[in-house]
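Trainee: These protein sequence lines map, in sequence, to chains A and B. Here numbering that gives the first Met the number 0 is used: position 123 in the first sequence is 122, and no number is missing along the way. Here numbering that gives the first Met the number 0 is used: position 286 in the second sequence is 285, and no number is missing along the way.
Hints may contain errors.
Copies of the same chain are indistinguishable here, so a pair counts whether it falls within one copy or spans any two.
Capping the alpha-carbon separation at 20 Å, the derived lysine to aspartate or glutamate pairs in DMTMM-like fashion look like this [claimed, not checked]:
{"no.": "1", "residue 1": "Lys29", "residue 2": "Glu40"}
{"no.": "2", "residue 1": "Lys34", "residue 2": "Glu379"}
{"no.": "3", "residue 1": "Lys418", "residue 2": "Glu442"}
{"no.": "4", "residue 1": "Lys15", "residue 2": "Asp299"}
Keep in mind the hints are simulated off the structure, nothing from the lab.
2 protein chains.
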Amino acid sequence: MAKVKKQPRPKAANPKGFRDYFGAEVTQRKAMLDKIAAVYELFGFSALETPAVETVEALGKFLPDVERPNAGVFAWQEESETGKVGDWLALRYDLTAPLARVYAQFRNELPTPYRRYAMGPVWRNEKPGPGRFRQFYQCDADTVGAPSVAADAEICAMLAETLEAVGIRRGDYLIRLNNRKILNGVLEAVDPDGAVDRDAVLRTIDKFDKVGQAGVRDLLGKGRLDASGAYIDGVGLSAEQADPVIGFLTSRGASAGETLANLRLAVGESAVGREGIDELEQIATQLEAGGYGPDRIVIDPSVVRGLGYYTGPVFEAELTFEITDEKGRPRQFGSVAGGGRYDDLVKRFTGQSVPATGVSIGVDRLLAALQAKGRLAEQEIGPVVVTVMDRDRMADYQAMAAELRSAGIRAEVYLGNPKNFGNQLKYADRRRSPVAVIEGADENARGIVQIKDLVLGARIAENASLEEWKAQPAQIEVAREKLVPEVRRILDRKS
Amino acid sequence: MAKVKKQPRPKAANPKGFRDYFGAEVTQRKAMLDKIAAVYELFGFSALETPAVETVEALGKFLPDVERPNAGVFAWQEESETGKVGDWLALRYDLTAPLARVYAQFRNELPTPYRRYAMGPVWRNEKPGPGRFRQFYQCDADTVGAPSVAADAEICAMLAETLEAVGIRRGDYLIRLNNRKILNGVLEAVDPDGAVDRDAVLRTIDKFDKVGQAGVRDLLGKGRLDASGAYIDGVGLSAEQADPVIGFLTSRGASAGETLANLRLAVGESAVGREGIDELEQIATQLEAGGYGPDRIVIDPSVVRGLGYYTGPVFEAELTFEITDEKGRPRQFGSVAGGGRYDDLVKRFTGQSVPATGVSIGVDRLLAALQAKGRLAEQEIGPVVVTVMDRDRMADYQAMAAELRSAGIRAEVYLGNPKNFGNQLKYADRRRSPVAVIEGADENARGIVQIKDLVLGARIAENASLEEWKAQPAQIEVAREKLVPEVRRILDRKS
Numbered sequence: 000m001a002k003v004k005k006q007p008r009p010k011a012a013n014p015k016g017f018r019d020y021f022g023a024e025v026t027q028r029k030a031m032l033d034k035i036a037a038v039y040e041l042f043g044f045s046a047l048e049t050p051a052v053e054t055v056e057a058l059g060k061f062l063p064d065v066e067r068p069n070a071g072v073f074a075w076q077e078e079s080e081t082g083k084v085g086d087w088l089a090l091r092y093d094l095t096a097p098l099a100r101v102y103a104q105f106r107n108e109l110p111t112p113y114r115r116y117a118m119g120p121v122w123r124n125e126k127p128g129p130g131r132f133r134q135f136y137q138c139d140a141d142t143v144g145a146p147s148v149a150a151d152a153e154i155c156a157m158l159a160e161t162l163e164a165v166g167i168r169r170g171d172y173l174i175r176l177n178n179r180k181i182l183n184g185v186l187e188a189v190d191p192d193g194a195v196d197r198d199a200v201l202r203t204i205d206k207f208d209k210v211g212q213a214g215v216r217d218l219l220g221k222g223r224l225d226a227s228g229a230y231i232d233g234v235g236l237s238a239e240q241a242d243p244v245i246g247f248l249t250s251r252g253a254s255a256g257e258t259l260a261n262l263r264l265a266v267g268e269s270a271v272g273r274e275g276i277d278e279l280e281q282i283a284t285q286l287e288a289g290g291y292g293p294d295r296i297v298i299d300p301s302v303v304r305g306l307g308y309y310t311g312p313v314f315e316a317e318l319t320f321e322i323t324d325e326k327g328r329p330r331q332f333g334s335v336a337g338g339g340r341y342d343d344l345v346k347r348f349t350g351q352s353v354p355a356t357g358v359s360i361g362v363d364r365l366l367a368a369l370q371a372k373g374r375l376a377e378q379e380i381g382p383v384v385v386t387v388m389d390r391d392r393m394a395d396y397q398a399m400a401a402e403l404r405s406a407g408i409r410a411e412v413y414l415g416n417p418k419n420f421g422n423q424l425k426y427a428d429r430r431r432s433p434v435a436v437i438e439g440a441d442e443n444a445r446g447i448v449q450i451k452d453l454v455l456g457a458r459i460a461e462n463a464s465l466e467e468w469k470a471q472p473a474q475i476e477v478a479r480e481k482l483v484p485e486v487r488r489i490l491d492r493k494s
Numbered sequence: 000m001a002k003v004k005k006q007p008r009p010k011a012a013n014p015k016g017f018r019d020y021f022g023a024e025v026t027q028r029k030a031m032l033d034k035i036a037a038v039y040e041l042f043g044f045s046a047l048e049t050p051a052v053e054t055v056e057a058l059g060k061f062l063p064d065v066e067r068p069n070a071g072v073f074a075w076q077e078e079s080e081t082g083k084v085g086d087w088l089a090l091r092y093d094l095t096a097p098l099a100r101v102y103a104q105f106r107n108e109l110p111t112p113y114r115r116y117a118m119g120p121v122w123r124n125e126k127p128g129p130g131r132f133r134q135f136y137q138c139d140a141d142t143v144g145a146p147s148v149a150a151d152a153e154i155c156a157m158l159a160e161t162l163e164a165v166g167i168r169r170g171d172y173l174i175r176l177n178n179r180k181i182l183n184g185v186l187e188a189v190d191p192d193g194a195v196d197r198d199a200v201l202r203t204i205d206k207f208d209k210v211g212q213a214g215v216r217d218l219l220g221k222g223r224l225d226a227s228g229a230y231i232d233g234v235g236l237s238a239e240q241a242d243p244v245i246g247f248l249t250s251r252g253a254s255a256g257e258t259l260a261n262l263r264l265a266v267g268e269s270a271v272g273r274e275g276i277d278e279l280e281q282i283a284t285q286l287e288a289g290g291y292g293p294d295r296i297v298i299d300p301s302v303v304r305g306l307g308y309y310t311g312p313v314f315e316a317e318l319t320f321e322i323t324d325e326k327g328r329p330r331q332f333g334s335v336a337g338g339g340r341y342d343d344l345v346k347r348f349t350g351q352s353v354p355a356t357g358v359s360i361g362v363d364r365l366l367a368a369l370q371a372k373g374r375l376a377e378q379e380i381g382p383v384v385v386t387v388m389d390r391d392r393m394a395d396y397q398a399m400a401a402e403l404r405s406a407g408i409r410a411e412v413y414l415g416n417p418k419n420f421g422n423q424l425k426y427a428d429r430r431r432s433p434v435a436v437i438e439g440a441d442e443n444a445r446g447i448v449q450i451k452d453l454v455l456g457a458r459i460a461e462n463a464s465l466e467e468w469k470a471q472p473a474q475i476e477v478a479r480e481k482l483v484p485e486v487r488r489i490l491d492r493k494s
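Please construct the entire structure, taking both the sequences and the accompanying hints into account.
Mentor: Printed below as a string of structure tokens:
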């Protein structure tokens, strides 16, 4: 340490856009990931864990500037021992790009179709904002090598099961389903020469929820003034071209059958459009047969998903309940998961198109939703704290903690400076300990221990009447050998 | 994808020194981490998850060259949106450095002592070798802010409990315990002016297991020829100076009491040496009282641990059973965990010494040990595969899979091209599926399904007699409504 002292002290801080997670923040996320993994496993998906680091070459997408490939990703160049420079490496920005690499690399050993799930952090080299971090969790399931829309239907059904498994009740979520091919069919009809920027159309339609039908119509045409007063250029469709797109977007009917009929009108003679509708119909039939009715999964043509790489069915899960935002206003919680079919990601490596479909769950948003609904305990419940009255008797105190643990009760001996007993109780308080155990020389001589109910104690200190205090004292004396059952009794009373 | 096609195809490969983990490799590690976390929680430790990325400044240690701080770590420099350069960032190389940063950053909000555990990957920018990867898991528990050796005793006890919880039986491991202060005392006596390079002495003693007493004596003195014929320079102690060090190293007696008595002779009048022995004695007393006798934890002066930062008690857990190495030779499995007291890591940030002690478990080595002992299933057991005989009846097949899942049975519908039925069975085989379900038009008309026991089928195909075949056919016909109980019966037979 001698050398370090001479330098200025380093700052104890996270890099910008990164944060730490403590106690319940870690265990609640873990519990949620466990529940999701259990559903994925039940559906036959197999775990895959790829490393955080990939070659920039394999990640592929973020290469606007080959000399400095770090737009959007954290990247660096390898150096060999001799100082020579090597491959560019990067932290993965999602779990789909590594899956494409794995499938291309191991396709001869993997089963086909390959159903895999993956969960873990991904990294984005983006400007952080409130609640937006540069490291966050994703939780994906994908089926690679299955061209059948049965694979898409299965993923939708599994998503519904997963949401319910983590505690989102039926009626509190809705999975909205569409097919990119139908939109392609509509665009084929209105723009047979491919003169229109289709990605721009996608991005415009994706704003339907925000700007409404009239807004989308303006943006598909000449443009519009946005709320801030700035003029947003439109895609440049004529009114005649925009009409069928709006018709498509708003074709959701009272039932799946009605929606499909509306869509058939919207695509006209387009072969790809009709194919898309047939696929949706098959998916809907399979889901209905499986009991996934319109209370859980609906066809909604306004869902297109922003990402360019989808080639077929797309879907999105939104939570339908309102929460109160940071300014106290009620608002819809919105999307927590989404996915769809992407048939070209593996092709980059192998030259051959490989059909694939998958879902990605935003675990952190889902946790926030459960928290907003009050379905998560806010904080960790601390251990029982065995206080230290006589520091020469540590072995005795450790024996008490060991007995409690043997009974499955989380327990520890106070390991700070025991001199000030008040500090020991403050510590227990900060740990949110439910119970403190006290045994001084006097108690030891009498063969007893004091058990202090810290939760009750805090409540009594605040507002209890004398009668309540007498009826249920916050501190009781019990025989030493009754320690475990008496602590258990107090803990059981709380749960 | 059009742009990408023009470029040469990217290589589908991991960066050098990184690897993917599939199926059981992921779930077995997860199961082990869960068991370890459960013990840590029971002892009152609280989860902490820090991000993978830290500032190089906070990591601190690896700064031989400030311009290019990537010796041993993966590091890169931040760039702002305007292209200006910013902080150097790096992937964490262990879980202790981030803990020191967190404690310094949040010390006013955290309880003192702060017991925390952390598990996750760490990264080393080192030359990979066989079985040595540049990303691997660590699993740590540390107590920060507790000067008492009761904290060290607790960590040792917890390590014993943890090893047993993950499946290492009592008698198959030994935790060896020592105290750096005793060695410091010995060196104080033989080298009162501090002329000797103490880190070099540490590294030499750390070779005791490999080179034995005579080897260490040579290396403490002038040096020796190693097995390859190269001459290794010694530390340069005289025989008179080396004697007490060797005496210290070999002072393990038949009992803890005897060892402590030998150590008292070895340190002579040194105050720090005596303090170290007193601490060891307290730890031993507390552990004995807790039932952690010499069958689990012993005092062994030959354990010093290589790392420079330890300041007090140090310990190491080794597995005592033999395994067969890749060349078929029996060998000791060796160390799987270690730790000790380090009182100066937080000081870098705050200027104040903060006592801390902790343990790190090598999860991957521990998994390898359990595998070597045959205590892990080698591969994932696949799902029940519902085969597809008639692709228009996908909804029916999905209903079967859904029924199986509702009963908690892992199940899926075959989603590849169903044309070649042989391929469906090959797929089930590759997935290690225990059972395939078959229902064609004929079965459907008769209201039955075929259930094929794939494990039994494989065994029969290999070596069964006709009698066995008749007694327990590998394929049975059951009524459609008996699907779930019959599959359950076959699965239960296997487990």
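Trainee: For which of the previously enumerated hints does the structure constitute a violation, in increasing order of number?
Mentor: 4
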